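Protein chains: 2
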Amino acid sequence: MKKLLTLTFLLLFFTAHSQDSILIKSKVANAIGELREFVAIPNDALNADDIDSNLYWLRKKFTERGFNSTILETEGLPLFFAALPMDDNKPTILFYMHLDGQSVDATKWDQPDPYKVVLKSKTEDDWKTESFSELNDDINYDWRLFGRSTSDDKGPIIMFLNAIDALKKDAIDIPFNVKVILDSEEEKSSAPLPQAVRTYKDLLKADFLVINDGPVHVSGKPTIVYGCRGITTLSITTHGPIKPQHSGHYGNYAPNPGFQLAQLLATMKDTNGKVLIKGYYDGISLDDATLAILKSVPDNADVINSNLAISNPEKVGGFYQEALQYPSLNIRGLGSGWVGEKARTIVPATATAELDLRLVPESDGTKLKNLVKEHIKNQGFHIMNTEPTLEDRLKFDKIVTIKEGSVTDAFRTDLNNPFGNNIVKTMESKFGEKPVQIRIMGGTVPISPFINELKIPAFIVPMVNPDNNQHSPNENLKIGQIAYGIKLFYALLSPSKTE
Amino acid sequence: MKKLLTLTFLLLFFTAHSQDSILIKSKVANAIGELREFVAIPNDALNADDIDSNLYWLRKKFTERGFNSTILETEGLPLFFAALPMDDNKPTILFYMHLDGQSVDATKWDQPDPYKVVLKSKTEDDWKTESFSELNDDINYDWRLFGRSTSDDKGPIIMFLNAIDALKKDAIDIPFNVKVILDSEEEKSSAPLPQAVRTYKDLLKADFLVINDGPVHVSGKPTIVYGCRGITTLSITTHGPIKPQHSGHYGNYAPNPGFQLAQLLATMKDTNGKVLIKGYYDGISLDDATLAILKSVPDNADVINSNLAISNPEKVGGFYQEALQYPSLNIRGLGSGWVGEKARTIVPATATAELDLRLVPESDGTKLKNLVKEHIKNQGFHIMNTEPTLEDRLKFDKIVTIKEGSVTDAFRTDLNNPFGNNIVKTMESKFGEKPVQIRIMGGTVPISPFINELKIPAFIVPMVNPDNNQHSPNENLKIGQIAYGIKLFYALLSPSKTE
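Chains as they are written, first to last, in UniProt numbering: chain A, 1 to 499; chain B, 1 to 499.
The hints are simulated quantities; they were obtained by calculation from the structure and are not laboratory data. Quick caveat: nothing in here was measured; it's all calculated off a predicted structure. You may find that some hints are simply not true.
What the hints assert, rightly or not - Pulled from the structure, derived: some chain B residues nowhere near chain A, Cβ distances all over 10 Å:
no.	residue
1	A29
2	D44
3	G66
4	V104
5	T107
6	D110
7	T271
8	W338
9	D356
10	R393
11	T444
Stated by the list, open to error - Calculated Cβ distances over 12 Å to all of chain A for the following chain B residues:
no.	residue
12	I71
13	D88
14	K120
15	V275
16	K295
17	P313
18	E314
19	E354
20	I383
21	D397
22	N417
23	N421
24	E453
As the list claims (entries may be wrong) - Restraint ranges, calculated between C-beta atoms of paired labels, are given here:
no.	chain 1	residue 1	chain 2	residue 2	range
25	A	E73	B	G380	58 to 68 Å
26	B	A292	A	K377	38 to 48 Å
27	B	T389	A	T107	28 to 38 Å
28	B	S306	A	G380	15 to 25 Å
29	A	L394	B	G318	19 to 29 Å
30	A	G380	B	D138	19 to 29 Å
31	A	M384	B	A301	53 to 63 Å
A virtual CB, placed ideally from N, CA and C, is assigned to each residue, including glycine.
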């Protein structure tokens with residue numbers, strides 16, 4: 001048996017797929033086994049018992065690696081915390097990952113059980129199931145593991161644990177104190193996190209935060225992300241007749257709420273998608289160094305446009321990454337009367353636009369909402385936050401009812417932060433090229449409030465493939481990304497000089 | 001029994017409610033009985049057997065009055081036609097009414113069976129059921145008959161039949177040939193009618209048409225209507241990304257179809273509701289005589305505005321009746337993404353506005369649709385009538401998909417038509433004041449194509465109360481309107497000199 005294993009490792013060593021060391025390859029093989037075990041424990045945060053089983057498993061795995069771990073009670077489900085023995089002379093790195101996964105609808109998956117990992121190879125048009133025994137001869141880095149949370153976010157946890165093993169095996173003296181916080185409700189918006197930071201302030205204390213969640217850049221290249229946009233919402237409703245009216249009897253007489261809304265919305269943006277509301281982009285300026293970083297992201301505009309099937313993107317920025325540096329004003333929904341087969345010949349009573357505003361650190365959500373409201377007022381509308389009464393309706397010509405959503409702030413770490421510079425340098429030396437540096441992601445991650453609460457520099461260092469079907473059926477993880485993750489965690493936790 | 005009846009009639013003659021003759025009162029009493037009998041035969045045009053039973057009953061009733069009647073087969077349900085013996089020297093009047101009624105949902109009515117007429121008196125806040133035997137002593141003109149089609153449109157048919165009886169009783173020589181066409185599918189849009197006119201051209205030949213459908217003016221006064229607006233529709237869809245996109249990843253980059261639509265719609269009308277599309281109001285001019293007729297309609301703007309709960313109507317016309325002389329451009333529906341609780345943070349793939357265009361005789365529906373399309377083109381949109389292909393999407397910046405609805409023309413008879421003048425004069429002399437003259441109704445009646453096909457002057461002479469709950473639960477007919485209808489039919493069919 002031992003002989004066979006040795007032979008396998010030798011074979012692996014000489015495969016064309018990868019130049020990885022025997023150590024890394026053995027850790028990848030071990031990680032696949034552990035990930036299968038971990039995925040087999042369902043992790044839908046709607047089921048607290050599932051989460052408990054995952055916490056129990058994690059405690060065992062982290063303890064085996066020499067971590068001290070503890071379960072942190074919160075207002076919601078408990079968090080998992082682990083740390084290696086501390087040395088006051090070292091800076092502290094805090095890793096954030098999450099153990100919960102999106103709910104599954106097994107009928108929509110191409111495998112019987114989303115919690116039972118299936119190994120697949122890619123054929124010309126489809127996926128072919130492979131036996132795990134095939135991996136004994138050769139760990140094919142292009143094959144993938146299919147199952148819930150393989151990528152989001154159990155895979156990175158397993159990569160981390162196996163990197164720790166490799167560091168031990170090589171007797172590397174980690175130059176940081178290492179802390180790990182694992183979230184149990186990331187897919188449910190991580191509501192308990194900000195309060196947990198306040199409660200467990202001392203325990204979580206660190207010099208910088210590394211978040212291992214989400215995919216690498218679409219190019220597949222090593223990636224570091226410095227921030228992500230925040231979000232808030234506005235729901236805007238204009239008012240016509242108090243009840244829907246017959247469009248024959250009242251068309252040309254009863255004010256049409258749809259035209260009022262269209263006229264109002266049309267004043268908010270120009271035809272290039274630029275917001276015309278005064279002060280909306282105030283405080284944002286992109287210097288040459290920043291623009292250079294934005295331009296260095298290997299986005300392919302032709303591919304993006306062709307995926308969206310558009311000939312002409314909006315012109316808020318000159319290119320995709322630049323556009324994301326600004327807050328957005330998006331009509332995510334419009335509704336009035338009925339459309340399609342249900343359309344009826346009425347003058348509707350109301351028309352509603354649902355707006356979402358993606359925020360950047362320069363644009364406070366409350367400030368932006370107030371600018372929009374001020375703008376609406378300047379268009380001659382009387383603003384209310386309730387349904388207008390009969391008295392209001394007879395008093396004011398044009399009434400808008402506005403409902404405001406809560407604000408999730410953006411976060412963005414300075415591009416020149418020394419911990420960030422160090423991560424970039426490490427990635428560059430490990431993978432032979434500068435990583436893709438994303439100054440700010442377009443989307444909003446639910447842990448932003450947690451990040452802002454911690455008040456330390458934060459970096460998202462994603463580990464998984466961009467086409468991982470995150471949140472969808474057939475979520476998967478490319479085996480090559482496991483190797484990538486183990487190597488990256490290894491490098492990040494090694495002394496700079498030795499790399 | 002005969003003595004009692006005589007006494008009843010004497011009593012009726014002296015009631016304060018009405019100065020009506022014994023003859024009219026007796027006809028009202030008879031009409032109530034016949035209407036109860038007629039309403040008892042269900043008349044939902046979705047059920048052909050119901051319609052047959054109604055036709056059978058009508059044939060008996062018209063034959064009793066000396067009419068020759070026939071059932072006219074059509075592409076849909078059969079029509080009922082009746083005529084009194086013809087005299088080539090007399091002009092011919094064709095009456096249009098309909099025997100079918102809206103479907104009923106008995107659970108929404110305040111009576112067990114909408115086809116079993118219930119007699120009610122009005123109390124301060126509500127309706128009180130009365131026994132029909134109460135009518136033997138005194139036919140209270142304020143009481144009402146509740147049941148499906150009491151007003152729409154069986155009531156007028158019964159009024160007509162009883163007016164014929166009264167004319168016979170008084171041995172009046174009717175100065176017209178009298179023809180009657182009764183529709184079986186008015187509530188289903190009268191689809192077979194235009195073709196039926198072509199098939200039965202000779203039979204339907206007449207000098208003018210009188211339509212007895214719909215309610216009198218809201219003031220309750222005698223009313224004549226010279227026309228009604230037509231209608232057509234346009235469905236306008238703008239296109240963003242080919243599939244809904246994450247508003248974080250693509251807000252500020254993927255074109256937003258909602259803003260495109262808002263910007264397009266905003267160019268179509270000014271804030272007073274006036275259409276800005278070139279040529280939209282061409283050909284419409286209202287001379288002083290016409291304006292005088294429009295102003296003579298006893299509309300109460302305060303009441304209308306208060307019913308709609310608006311402070312400021314649109315300004316297409318200076319007042320309600322004037323507004324109806326123009327075609328409308330109404331947003332009857334808006335849809336994009338989701339609104340309310342279902343709202344999701346996406347850049348939607350499409351945004352749709354459903355428009356209806358109410359037409360007047362000067363504004364041909366096809367012409368107006370072309371003007372709107374020309375306008376959209378001038379705003380830089382590429383117009384299609386199908387979903388854009390990938391090729392279209394990459395070729396054109398801004399694409400609109402337009403679906404056109406069919407056109408139902410308006411009709412309007414000249415205010416100076418001699419037959420119309422005669423009706424007005426007759427009404428004036430009968431009721432002591434000029435009737436309300438509506439030049440054109442805002443709504444569209446499904447028989448407009450039939451009216452236009454006949455190519456003869458047409459007048460709507462409504463018989464029933466404006467608050468009759470037409471098309472709704474608790475449809476009703478005021479007994480006073482039965483007397484009104486019998487007297488008006490009687491007068492219209494009497495020689496001018498004798499009135």
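Hint by hint, here is what the structure shows:
1. A29: holds, 35 Å
2. D44: Since the minimum Cβ distance to chain A is about 21 Å, B/D44 lies beyond 10 Å and the statement holds.
3. G66: holds, 39 Å
4. V104: With a cut-off of 10 Å, B/V104 remains clear of chain A, as the shortest Cβ separation is near 20 Å.
5. T107: holds, 22 Å
6. D110: With a cut-off of 10 Å, B/D110 remains clear of chain A, as the shortest Cβ separation is near 21 Å.
7. T271: violated, 6 Å
8. W338: Its Cβ does come within 10 Å of chain A, the nearest being 5 Å, so this is violated.
9. D356: violated, 5 Å
10. R393: Violated, since 4 Å does not exceed 10 Å.
11. T444: Answer for B/T444: violated, closest chain A Cβ roughly 6 Å.
12. I71: The claim holds: B/I71 sits with its nearest Cβ about 32 Å from chain A, beyond 12 Å.
13. D88: Given a closest Cβ separation of 40 Å, the condition holds.
14. K120: holds, 25 Å
15. V275: violated, 9 Å
16. K295: Non-interface label stands for B/K295: nearest chain A Cβ at 16 Å, farther than 12 Å.
17. P313: violated, 5 Å
18. E314: violated, 6 Å
19. E354: Incorrect as stated: the minimum Cβ-Cβ distance to chain A is 4 Å, not above 12 Å.
20. I383: Non-interface label stands for B/I383: nearest chain A Cβ at 16 Å, farther than 12 Å.
21. D397: Answer for B/D397: violated, closest chain A Cβ roughly 5 Å.
22. N417: holds, 23 Å
23. N421: holds, 27 Å
24. E453: B/E453 is indeed farther than 12 Å from all Cβ atoms of chain A, at 21 Å.
25. A/E73 <-> B/G380: 58 to 68 Å: holds, 59 Å
26. B/A292 <-> A/K377: 38 to 48 Å: holds, 43 Å
27. B/T389 <-> A/T107: 28 to 38 Å: At roughly 32 Å between Cβ atoms, A/T107 and B/T389 fall inside 28 to 38 Å, so the hint holds.
28. B/S306 <-> A/G380: 15 to 25 Å: holds, 22 Å
29. A/L394 <-> B/G318: 19 to 29 Å: The hint (19 to 29 Å, Cβ to Cβ) holds, given that A/L394 and B/G318 are roughly 20 Å apart.
30. A/G380 <-> B/D138: 19 to 29 Å: This hint is violated: roughly 58 Å between Cβ atoms.
31. A/M384 <-> B/A301: 53 to 63 Å: violated, 25 Å
Taken one by one, the earlier hints fail for this structure at numbers 7, 8, 9, 10, 11, 15, 17, 18, 19, 21, 30, 31, listed in ascending order.
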